[in-house]
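In case you want the letters, here they are:
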Amino acid sequence: MIKVEDLAKNFNGLWAVDGISFEVNEGEIFGFLGPNGAGKTTTIRILCTLLQPSRGQAWISGFDVLKAAKEVRRSIGIIFQDPSLDDRLTAYENLKFHAIIYKVPRKERSARIDQVLEMAELKDRRNSLVRYFSGGMKRRLEIARGLLHEPKVLFLDEPTLGLDPQTRNRIWDYLHTLRSTKNITLFLTTHYMDEAENCNRIAVIDYGKIIALDTPNNLKRMVKGDVITVRTENDDLAQKELGEKYQVTVQCDSSGLHFEMENGEEFVPKLLKHAEIPITAVSVRRPTLDDVFLKLTGREIRSEIASDKDQLRLRVRRIRGMT
Amino acid sequence: MDWSTIYIIWLRDIIRYVRQRSRLYSSFARPILWLFILGMGLRPSFQAIQGFNYTQYIFPGIIAMTLIFTSIQSAISIIWDREFGFLKEILVAPVPRTAIALGKAFAGSTLSIIQGTVMLLFAPLVKVPIVWHQILLLIPAMFLISFALTGIGIIIASRMTSFEGFGTIMNFLVMPMFFLSGAMFPVSGLPAWLKTIIYINPLSYGVDLLRRILLGISTFPIIVDCGFLLAFSTVVIFLAILFFNRGAY
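In the order they appear, the protein sequences are chains A and B.
Just so you know, the first sequence maps onto residues 1 to 323 in full-length UniProt numbering.
Just so you know, the second sequence maps onto residues 1 to 249 in full-length UniProt numbering.
Read the hints as simulated data drawn from the structure, not as lab findings.
Honestly, I wouldn't trust all of these hints.
[To be verified] So the derived label-pair ranges between C-beta atoms look like this:
| hint | chain 1 | residue 1 | chain 2 | residue 2 | range |
| --- | --- | --- | --- | --- | --- |
| 1 | A | G62 | B | S162 | 34 to 44 Å |
| 2 | B | M1 | A | A69 | 18 to 28 Å |
| 3 | B | W3 | A | A111 | 15 to 25 Å |
| 4 | A | Q166 | B | S162 | 28 to 38 Å |
| 5 | B | G227 | A | Q52 | 56 to 66 Å |
| 6 | A | A69 | B | L125 | 26 to 36 Å |
[To be verified] Lysine to aspartate or glutamate pairs mimicking EDC-like chemistry, simulated, CA-CA at most 16 Å apart:
| hint | chain 1 | residue 1 | chain 2 | residue 2 |
| --- | --- | --- | --- | --- |
| 7 | A | K96 | B | D13 |
| 8 | A | K123 | A | D82 |
| 9 | A | K182 | A | E118 |
| 10 | A | K182 | A | E233 |
| 11 | A | K152 | A | D64 |
| 12 | A | K103 | B | D2 |
| 13 | A | K273 | A | E241 |
| 14 | A | K245 | A | E262 |
| 15 | A | K70 | B | D2 |
[To be verified] Covered stretches of chain A, going by a simulated chain B footprint (3 or more residues, C-beta under 8 Å):
| hint | region |
| --- | --- |
| 16 | 75 to 86 |
| 17 | 274 to 283 |
Ideal Cβ placement from N, Cα and C applies to all residues, glycine included.
Pulled out of the complex, with its shape left as it was, chain A reads as follows (with noise of 0.2 Å):
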């Protein structure tokens, strides 16, 4: 559905994407994940068209981005990480007015425009004007225009950025029924780990580059082991047994053995057969999409904000949000 070969923007002298590759199937929710400033949303520019690259190519569904613009508009739905409505009108002004230029025939716009009201949850706001919406509706709103055309890929740039967990989790609600229902492909980017949990696939991008692309659940196992918790009778002997049997680091605190052991899971039952000291309790906790990124670049993905402008934007957002 999606396509893309050795794609690179240079911005003055600084390579924002440099050089990624990578194709995309259809119906799959497939995730960016990077810090801030790590090119995602040079990529969502350049496969909306909005951009040119300075290098590479790029096809969805089927049509080359560079040249056939008009075709790659009309099959794909784009939700900026800024608002892009306009507040002065109603929700059915905004809908009517992109059903218009994507030229969505006279007979079907009502009926089209019911329908995604109604599965945004927004009917009874139809005829309210935008400015009052909270922005967990305004988002929703801007996903439903971005389908209002039948794409067959949504982009959805930071879709939960700066919206509350219970929002957030309405909004993945909303885009997994849609997934289930209508087949659309979804390629979104994020620098939330636990909003890349809901992918497919992630390509994990930082300085233009993708370090790594995988399911949510290889990309946890190809770093790092599992975190393995156990509580014995004689946590001194079981440490020693332990350490000496499966050659790994074992760490003791008050609340029992920690180490670390690749599919944790299938070691429990072994563990379990062959420990001399009897154990009383075990846990396993996966590693979490924080960790791979660790593992991978040295460094903490920073959910909070950087910079000056993101903050200025999140502001801007959570002010009109709450109008």
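Chain A is fixed; fit chain B onto it per the hints.
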């Protein structure tokens, strides 16, 4: 040509205008200030110009002022749309930017004509008699003037990325354009250098055309007024489309 896009871009601006009543009211404040305070204040010190007193004489100029401010402001709303994100929604759509620019130009012209027509309500107060056929002539004249002015606004908006330059534009373009259009004083008897500037200012021909329709007096032949304005709007709209197409967003 993508008429449905031009139409919806136009309609959106009209809806926004109707909803923002404050914009309507405040747009009268400036011309009223100029016409009644400045005009009345200066009237006693001026002798009649071609049989008209000072407030009568500047009345067409004040309408031109309404047109220039409304047109430029309306086109500048592109910057506002960019700041608040809505421009992206328009620019990423599978529509030619030419249609977007034309929609904006028609919207700006429509709003200017509305504002300019409403200004005619003040005509009886300054004793400028108005007959129906004058209004029928005024509308195309106002369209010609504001279409060109909106074009200028679009060019500015395509080059300007923030509101910081807005004051500069007003001080260095809009106000001089207004002052040097013969709106506030007759051109005859001015020093040659000032005359030259007025002659190359397209708004001068607009003011002259309005004055011809409203008062029946003029500096240039009608063919020169219309010809200059027509040529100027064509060039400006062409440039506006070019700039708008090239602008990076």
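So, going through the hints one by one against the coordinates:
{"no.": "1", "hint": "G62/A x S162/B: 34 to 44 Å", "result": "39 Å, holds"}
{"no.": "2", "hint": "M1/B x A69/A: 18 to 28 Å", "result": "19 Å, holds"}
{"no.": "3", "hint": "W3/B x A111/A: 15 to 25 Å", "result": "23 Å, holds"}
{"no.": "4", "hint": "Q166/A x S162/B: 28 to 38 Å", "result": "35 Å, holds"}
{"no.": "5", "hint": "G227/B x Q52/A: 56 to 66 Å", "result": "41 Å, violated"}
{"no.": "6", "hint": "A69/A x L125/B: 26 to 36 Å", "result": "55 Å, violated"}
{"no.": "7", "hint": "K96/A x D13/B", "result": "14 Å, holds"}
{"no.": "8", "hint": "K123/A x D82/A", "result": "23 Å, violated"}
{"no.": "9", "hint": "K182/A x E118/A", "result": "15 Å, holds"}
{"no.": "10", "hint": "K182/A x E233/A", "result": "55 Å, violated"}
{"no.": "11", "hint": "K152/A x D64/A", "result": "15 Å, holds"}
{"no.": "12", "hint": "K103/A x D2/B", "result": "10 Å, holds"}
{"no.": "13", "hint": "K273/A x E241/A", "result": "14 Å, holds"}
{"no.": "14", "hint": "K245/A x E262/A", "result": "15 Å, holds"}
{"no.": "15", "hint": "K70/A x D2/B", "result": "14 Å, holds"}
{"no.": "16", "hint": "75 to 86", "result": "holds (count 7)"}
{"no.": "17", "hint": "274 to 283", "result": "violated (count 0)"}
Violated hints, listed in ascending order, are 5, 6, 8, 10, 17; each of the other numbered hints is respected by the structure.
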